[in-house]
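The residues making up each chain are set out below.
2 protein chains.
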Amino acid sequence: MKLRPTSLSILLIVTFSLTIYSQKESNLAEKLGYAPDSKLLIIHADDAGVSHSENIATIKGMENGIVNSASIMVPCPWFPEIAAYARKHSKEKDFGLHLTITSEWRDFKWGSTSSKNEVPSLINPHGYFYHLVDSVVVHSKAIDVEKEIDAQIKKALDFGIDVTHLDAHMGAVMSTPDFLEKYIKKGREYQVPVLLSREIVAFEELESRLELTSRDIITDHVYQANPEIYSNLGMEKYYEKVLNELQPGLSVILIHLAMDNEEMKAVTIDHPDWGSKWRQDDLDFFTSQKARRLIEANNIKLVTWREIRDKIVRAE
Amino acid sequence: MKLRPTSLSILLIVTFSLTIYSQKESNLAEKLGYAPDSKLLIIHADDAGVSHSENIATIKGMENGIVNSASIMVPCPWFPEIAAYARKHSKEKDFGLHLTITSEWRDFKWGSTSSKNEVPSLINPHGYFYHLVDSVVVHSKAIDVEKEIDAQIKKALDFGIDVTHLDAHMGAVMSTPDFLEKYIKKGREYQVPVLLSREIVAFEELESRLELTSRDIITDHVYQANPEIYSNLGMEKYYEKVLNELQPGLSVILIHLAMDNEEMKAVTIDHPDWGSKWRQDDLDFFTSQKARRLIEANNIKLVTWREIRDKIVRAE
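If you're matching them up, the sequences are chains A and B in order.
Each residue of the first sequence is one higher than the one before, counting from 1 in UniProt numbering.
Each residue of the second sequence is one higher than the one before, counting from 1 in UniProt numbering.
No lab work stands behind these hints: they were computed from the structure.
Treat the hints with care, as some may be off.
Copies of the same chain are indistinguishable here, so a pair counts whether it falls within one copy or spans any two.
The calculated EDC-like cross-link candidates involving lysine to aspartate or glutamate, where the alpha carbons are at most 20 Å apart (straight line), are [stated by the list, open to error]: (1) K147 with E181; (2) K290 with E240; (3) K301 with E245; (4) K290 with E236; (5) K88 with D270; (6) K237 with D284; (7) K154 with D107; (8) K116 with D150; (9) K147 with E118; (10) K155 with D107; (11) K60 with D107; (12) K88 with D107; (13) K60 with E262; (14) K277 with E262.
Could you build all of it, start to finish, from the sequences and the hints given here?
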């Protein structure tokens, strides 16, 4: 994963890169009970909690499809709906937190979980999170990022969510080495894996300051569609290629599920990329028989963040 | 308007009561340029800003129907969408603020416009406004109510809304004499009329403490459907009766517009009263030819809060 702020500062992910299969990842597979050269995959839905459309699509993807993990945005208005689902299905469904310090849509906004005046550097003049990751990088302080992350985790736990992992909406809490350090720190504090990869730009700078242990999980490959892929290849062909070319190690495919309905069209207005249709295409692929067949044909093992948390991060 | 907290603490309005036509209201009609015994009516849509469904229905009601005023809930996630519309149509559309200190739906929540720790008595343990007016009455302090009202007005003005009036979501800021006093105070401070009627329970107690002037607008009749009306009579028959029996003086019909769609069904889940269908029925009636004909046949004059503000409250 490389963090390259685009004009909309949405996290762009480099794909298809072949990473050398290393001894470390072999250990991870073995710790989970698989052969050392297994292709392990998490099919992960981002952005639950934003809208009703995203919540029902996330649930469909998990119940009718092969989506096996998702992360929830605590500051968003539909958080209580998906939190209730996560709480009710805490044994069989894998939910983490999509830590959020941006509010990117034009007509539909949210702000901090902390009191605004406790995290002033995260809040724009209208009282919401900033629209762009660029603005976060310019204005925000790591101490406020840490406070807000902590407030989101505490609230999710208060709502009874069995938080299996942490990751980052629009990569904002990974956008500088200082923010990334707070994010990793919180993961260690709550003993949950955080999505982390050497493809994250800020990680290169930070790594020398970190003392990584075997409980720090580094994902080998992170795949995510981007606007070029969406317009040139389309979702079905892209995911087919990803699954057919998947390498040994731990991979994550980040997807964005929603119904292409009136609500979601309005949320994503003026924004076809990561828009309503895009998200419906993600849902359609990952609830298809084709996706299931590709997983099987390529001998891919679907693993969850909960397994990684319980068998590695929280191992005795 | 009587404020009788029901099991869901939604404002219930007494209807059909005939109020004696008084000299004072005659003056109001005359000040607006009408005969002293005119039947003046504001057809007012509450709850804009809550959901996309409510926003588009409010716009439809105003553009395709006879809805001639609406009020916006500043703390809600879809506030920026309706604020942009109000700003763009500030000359021809009448928008006030539906002051909000409750968050009543189960799965979809909002909190204060002020920093939470500045208005702690308004905030529940999950960081949202309380669900029920009853909880507001038990927990909230008038000083926090005043701070929050002020923050909502300032934010609306910052967004470029030409605020024509104030009223009260679920009647919460009218639910005690002390809250009501702050509400009236803010109206005077910003020189905007506030929805006020001798049918409000707290007003009886407060009136002796107030020095009312001719710039304090007291509405003669406030009509609103309630669950009994909805199930026994239905919206069409109810509004037909209200319009046919309308008395001279200033009347307001409070309605709740939304599309009966997936988003709104989810917002109002487990709650048929003030639910998705209820709101669609309101929209259907007030965009019908029948409603127009009844206004004409009964010689009802539609007036706006902006006229009242500019010709009376802000008169030289």
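Exercise for the section: Since the copies are identical, ignore which copy is meant and state whether K301 and E245 lie within 20 Å (CA to CA) inside a copy, between copies, both or neither. Expected result: within (14 Å within a copy, 71 Å between copies)
- Message: Checking an output row: K88 and D270, CA cutoff 20 Å. Within, between, both or neither?
- Response: between (36 Å within a copy, 18 Å between copies)
Notebook entry, point to check: Quick one: K237 to D284, C-alpha cut-off 20 Å, is that within a copy, between copies, both, or neither?
Noted result: within (13 Å within a copy, 45 Å between copies)
If the cut is 20 Å between Cα atoms, do K147 and E118 qualify within a copy, between copies, both or neither?
both (8 Å within a copy, 18 Å between copies)
- Query: When no copy is named, should K116 and D150 be tagged within, between, both, or neither for a Cα gap of at most 20 Å?
  - Reply: Both ways: K116 and D150 sit 14 Å apart in one copy and 16 Å across, limit 20 Å.
| Within, between, both or neither: K154, D107 at alpha-carbon 20 Å | Answer is between: at 19 Å across copies they meet the 20 Å cutoff, but 28 Å inside does not.
ask   = Using 20 Å as the alpha-carbon threshold, which applies to K290 and E240: within, between, both, or neither?
value = Classified as within: same-chain Cα gap 9 Å, cross-chain 57 Å, threshold 20 Å.
Q. For the identical chains here, do K277 and E262 meet the 20 Å Cα criterion within one copy, between copies, both, or neither?
A. Both, since 11 Å and 17 Å are each at most 20 Å.
Given a CA cutoff of 20 Å, do K290 and E236 count as a within-copy pair, a between-copy pair, both, or neither? Within one copy, since 9 Å is at most 20 Å while 51 Å is not.
My question is about K155 and D107: at a cut-off of 20 Å on alpha-carbon distance, are they close within one copy, between copies, both, or neither?
between (25 Å within a copy, 15 Å between copies)
_Alpha-carbon proximity between K60 and E262, which holds within one copy, between copies, both or neither at 20 Å_ = This pair counts as both: shortest intra-copy Cα distance 18 Å, inter-copy 15 Å.
Exercise for review: Could you place K60 and D107 in one of the four classes (within, between, both, neither) given a Cα distance threshold of 20 Å?
Suggested key: Intra 26 Å, inter 18 Å, cutoff 20 Å: inter-copy only.
The structure meets every hint from the earlier list without exception.
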